[in-house]
Every structure is written in structure tokens, then in C-alpha cells.
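Chemist: Please work from the sequences and hints to get the whole structure.
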Amino acid sequence: MVQFAFLDWFWVVTFIVLMTVCGVLFYKLGKRSMADFFLAGRGLPWWLPATSVYATHTATDTPIWVSGVVYQHGLRGLWYTFFSAWCAISAFASTRIFRRSLAYTQAEWQTLRFSGLGAELLRGWIAGWQVFMNMFVLGWVGMAMGKLCSYLFGWPQWLGLVLFSTICAIYVLAAGYWGVVMSDFQQGVIAFLVILIVSFWGIGVAGGPQGIVSKLSEMSQSWRLNPFAFSGLTGGDFPLAWFLTMLIIAVIGGFGMGTAIDWYPEAQRIQSAKTVRDASYSIWSGTALIVVRNSIWAVAILGFFVLYPNIKETALYEMAWYRIGFEYLPVGMVGLFFAAIVAIHLSTISAHLNLGASYATRDLYHHYFKPKATERELVWVGRVSTLILLIGSFIYGSMMKEITQWLIFALWIMAAGIWLPSILQVVWWRFNSWGYLSSWIANLGLSWLVVWVLPEFRILPALPDYLQFWMMMVLGALIYLPITFLTKPEDMDRLVKYYVMSRPLGWWKPVRVEAERRGLLALEVRSRKGGS
Amino acid sequence: MAWIRRRWTAEEADRWTREDYVTFIISPLVYMLLMVGTALSLLLRWPGFLLLGIGIVCLLLMIWVIDPKLKAISEDYEIKQRHYLEDLEKIVRWEK
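Taken in order, these protein sequences are the chains called A and B. In terms of numbering that gives the first Met the number 0, the first sequence opens at residue 0 and continues consecutively. In terms of numbering that gives the first Met the number 0, the second sequence opens at residue 0 and continues consecutively.
Quick caveat, the hints were computed from the structure, so don't treat them as lab data. Do not rely on the hints blindly, as some may be mistaken.
As the list claims (entries may be wrong) - Far from chain A, some chain B residues (derived; all Cβ distances over 10 Å): (1) 52; (2) 63; (3) 76.
Claimed, not checked - Taking lysine-lysine pairs in the PhoX-like style, the calculated list, with each CA pair at most 20 Å apart, reads: (4) A/369 x A/30; (5) B/79 x A/311; (6) A/369 x B/89; (7) A/508 x A/487; (8) B/70 x A/496; (9) A/371 x A/30; (10) B/89 x B/79; (11) A/371 x B/79; (12) A/496 x B/89; (13) A/496 x A/508; (14) B/89 x A/487.
Quantities reported herein were computed from a predicted structural model and do not represent experimental measurements. Cβ coordinates follow ideal geometry from the N, Cα and C atoms, glycine included.
Modeler: Okay, here's the thing in C-alpha cells:
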């Protein structure tokens, strides 16, 4: 348990009031229309969604995860966090395409890119799955806060979960995405400053940069300073093959939409940006901050390793960064640290409350149940959906232990098997809704087979995760590619409309030629300068 | 003719060109350099400062390459956006 002085409580209460009031202040803007409630009227300058990207992806459990991989692997553990680099290419490829489509959500984009029954099935599936996923993330992150409060104050775990999520819901219900993004800005700045303060404090406690380096050397642990300390080509705990697979997944994934689970919250930030340029810079710079933040954390955690080198239990060394803050900061600063943790927490909770509600409102209620609904009604449906997500997250949070293993598996499915189809739907005109839909279904079966069933019956050896990825990609392609070719291409009218609107990259020649024939695009000028 | 083009009309900027592909290569490199460079610099290792410096130069180069194109796309698109949004609402409301 940590003892808080008056000054500590002062920081906590002041920050919570400030964050909540900041969100509620935008009530009038949020209620104007559905576009305001979920996208802040598509008028934000790049730096606002950028801080939102950063704040949303700095959750209560993020320092726990980063502490775990860096304590275990040293600086090479940073590559486990490098999956966020899908934004490197996405910012200038799929972000540009998605922003031009003007879809509210990824589910809606499916009905702009594809047509007919297949498109509607995809939209319904992705919308339902996203409502569920956001509820799960809310429960997961909320429970992390519950555990932290239990560790700090001895509260029952449910109290931390319910208390902070409810405070957050006040401004999300009132102002929607306006409240989310404005609070995210404030929370992002607070969180980044406190991450700097706590990490530098930890580095100082461990003897400063040179102290950490010399102590690691004395302990014969200097390899921890090498981000490229591979354990071999395919063997050991950090093989080169894993590293290269990770780079491909992360970097090439940026050409697609939905190749990473983080695409979905990012898609909302992309559409809330004022222009294509603002959208690109917001995604790029928000992720750059995340990448730099991870490095700052990593050095502080190396400092923690120097202080406590023999912790074997994962649950204990995963608390490395939190322990630096709570055990070494002076009285008065601990409250500031906790206030920053609350900021980190609220930014993630608010983003997922509003995002889940956007799928429920735009893709389920508005599209399927009441297409003629007024803007006022849709804003209210958005609020009711937010409330349902909040209550659902409490239920998920309370049963998290039982479902965590299953859901981590579900996330793995998401990353592995539909990675390539999620790229193909963006870059290849002939890839159709039935191909994409079948890749989701096939992947569900294949991942059970490859990860659990076949190894259990010794038909397949238990493969390392990078080999599972490649195997599922090949097996999946053997199903969805024939289905794509055996079914008709998408309706040319829809493809032309989508092409003219979004100007996708890749293999779109037949559609471009048709659009030019219809006079919707200027004919390709072969002699143009600088183009390829 | 310059290898990297910095003046664009909206129609030309809509196409995927060499400038985009150059950005696709530089951008992930910048992330890598910033990540490794920051960590090693905080440990006062000289390769860290070198990598961080290269990362910042690459970042500026990337903006120099892609920004004129993004500006051209955005300016033109602002005008079209209103019509697209009207169209989109009709699709969602099953009117089209």
C-alpha cells in the first residue's frame, strides 16, 4: 500500500476535475450531429488527433507490457513494441485512401469498396465484432486499473474498474468524440511529461546512464544494451526469423486496412482530421511519439533491472516502471504520478467508449434499423450505446480471468490470418467481398487447427509463432483465392465510384480505364513530369 | 528535371508516384532510427546520437519529399468533400 499526503490527493482531484470539465465543455459541439458526436465534424488540425493517437495507445497496461519485454530481453525487447510501425506506411498509403472514402468506420468502408450481399455481411460482421472488441478492451483496461488501485490503496478490484470508467463516461456521454479528443490532448501532454519525469528519475536512481552501462557490464549483461542481440537465425528466444517476420507484418501491413487491431481507433482519428494531409501527419506523428515513449521507458526499465536483477516471476518484473514511480518519487510527486496514470487510463477508456458506440450507432442502428433517423436521434442512440458499452465492460472486467486466454487467441487470429486479405482488399481490384469474408471464416478454423488441434494430436509440431503466421497465411490463401476467382468481381459501377473517390494504389488498371472511359478521370498523361 | 518533384496540380498529385514510394521507404526507417537512437542516446552511447541525428535528417527529408504532394491533394479534396458526404449519406440511408 502507498501512503498519499495531502499534496498527492490535491494533484489527483485537481487533474480529474480538470479532465472531466475539459470534456464536458464541448457538450454543445458534440450534440450538433452524428458527425460531431463521432468525428468532431471532420475538422480537426493534425496535432489534435495525433495526441489522441498517442494518448489512446498509452493505456494502464502498456507500461506493464513494455516492462515485461524489456526486463526479459533488454533493448531488443523494444522490437516487440514495434508492431505500431504499421503507421509508417499507412500514414501515406491506407490513411490517404481511407480519409478520401469518408466512411465513418471501417465497417462502413466495406460497403463503399464492395457491393451487394457480401458487402452487407462484412459490414454487419465487422460492426458487431468491433462493438464486442471495444467492450472487451474497456473491461481489460478497466480491470488493470482495478488491480493497480488494489495494489496502491487496498481497494477491492471492482472499485477501481467502476469508479474511473464512470468518471470518464460523464464527458463521453456529454460531448462524444469532441470530449474524447479535447481531453486526450490534455491527458496526452500530462502523460508524456510524467513519463519523462518518472523515467529520468528512475535512470538517476540506478546510477545515471553511465552507472547503468557499467553495472550491466559488471553483471556480464552488456548484451542487454544491444537492440540487435539475436539468438540465432531460427533458434533461441530472439531469432532473426522472428524479427524479420515482425518487420514484414508491421511495415508492409501499412498498405492494408485492419492489418493491426489498432487500425480501428486510428480510422476514427483519420476521419476526424480536417484534410488528407492532416490525417497523414496525425497518424504518423502520434505513432512517432509512441515509438520514442517506448525507448524512454526501456532505459528506465534497464535501470530497474540493474537495481533488481534477479526477479524471476513475470507478474513482479512487469511492474518495473510503476515501482520506480511509487517507490522512488518523493512525497507530493507520487500523487502527480497517480494523476498521470488516471490520465493515461481515461484517454484509453474514453476512446473505446466512443469508438464502440460509433459502430453500434452508424453501422447497426442507422444502417440496418433506422436509415431515416434524424441527427438528434442518432446522437441520443450514440449516448445510449456508450452507456451499454460501459455496463458491458464492467461485466467483461469481472469475468476477465476466464476469458483472457481465449481472447488473446482471438486477437492472434486477427493478426495472423487476415493480414494479407486486409492488404488485398485495398490494393487489388479483383479481390471481392466473398474472398475477404471467406478469409475471416477460414482463418477462424485454421488458427484452431494450426495453434492447438494439430499439435495436440502430434500431426504438426508445436511451431514458433512466426512460423504459425506464415503457415496460416499460406493455408488461408489456398481457400480465399479460389473463392475470389470462382465468384464474380464486384459491380463495376461501385468499383468506379470507389476508385474516383478514394484513388487507391496497387492493381486497379481495369477500373481506372473504365473511369477514364466514362469521363470521370482525366486521361492518363503519359508525358507528365515526375510521375511513375 | 528534378528527381523529386515539388510542384503539383491536384490531378497529378492524385496519382501514386515516385515521391510516395520514396516516402514508403524512408518512413519506417525513421521510426527505427528514432526508437533505437533515443534509447542509446539516453544511455549516452555515441551510436545513439548518430542514429538519432540520421533519423531527424531522414524525417526532414521525408517531409520535404511528400508535403507538397499532400498539400495539393488536400486543397483539391476540400472542395469535393461536401458533395461526397451528401452522396455518402444517401447510400447509408438506402436512397441509392
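Chemist: Looking back at the hints listed earlier, which ones does the structure fail to meet?
Modeler: As far as the earlier hints go, 3, 5, 8, 11 and 14 are violated by this structure, in ascending order.
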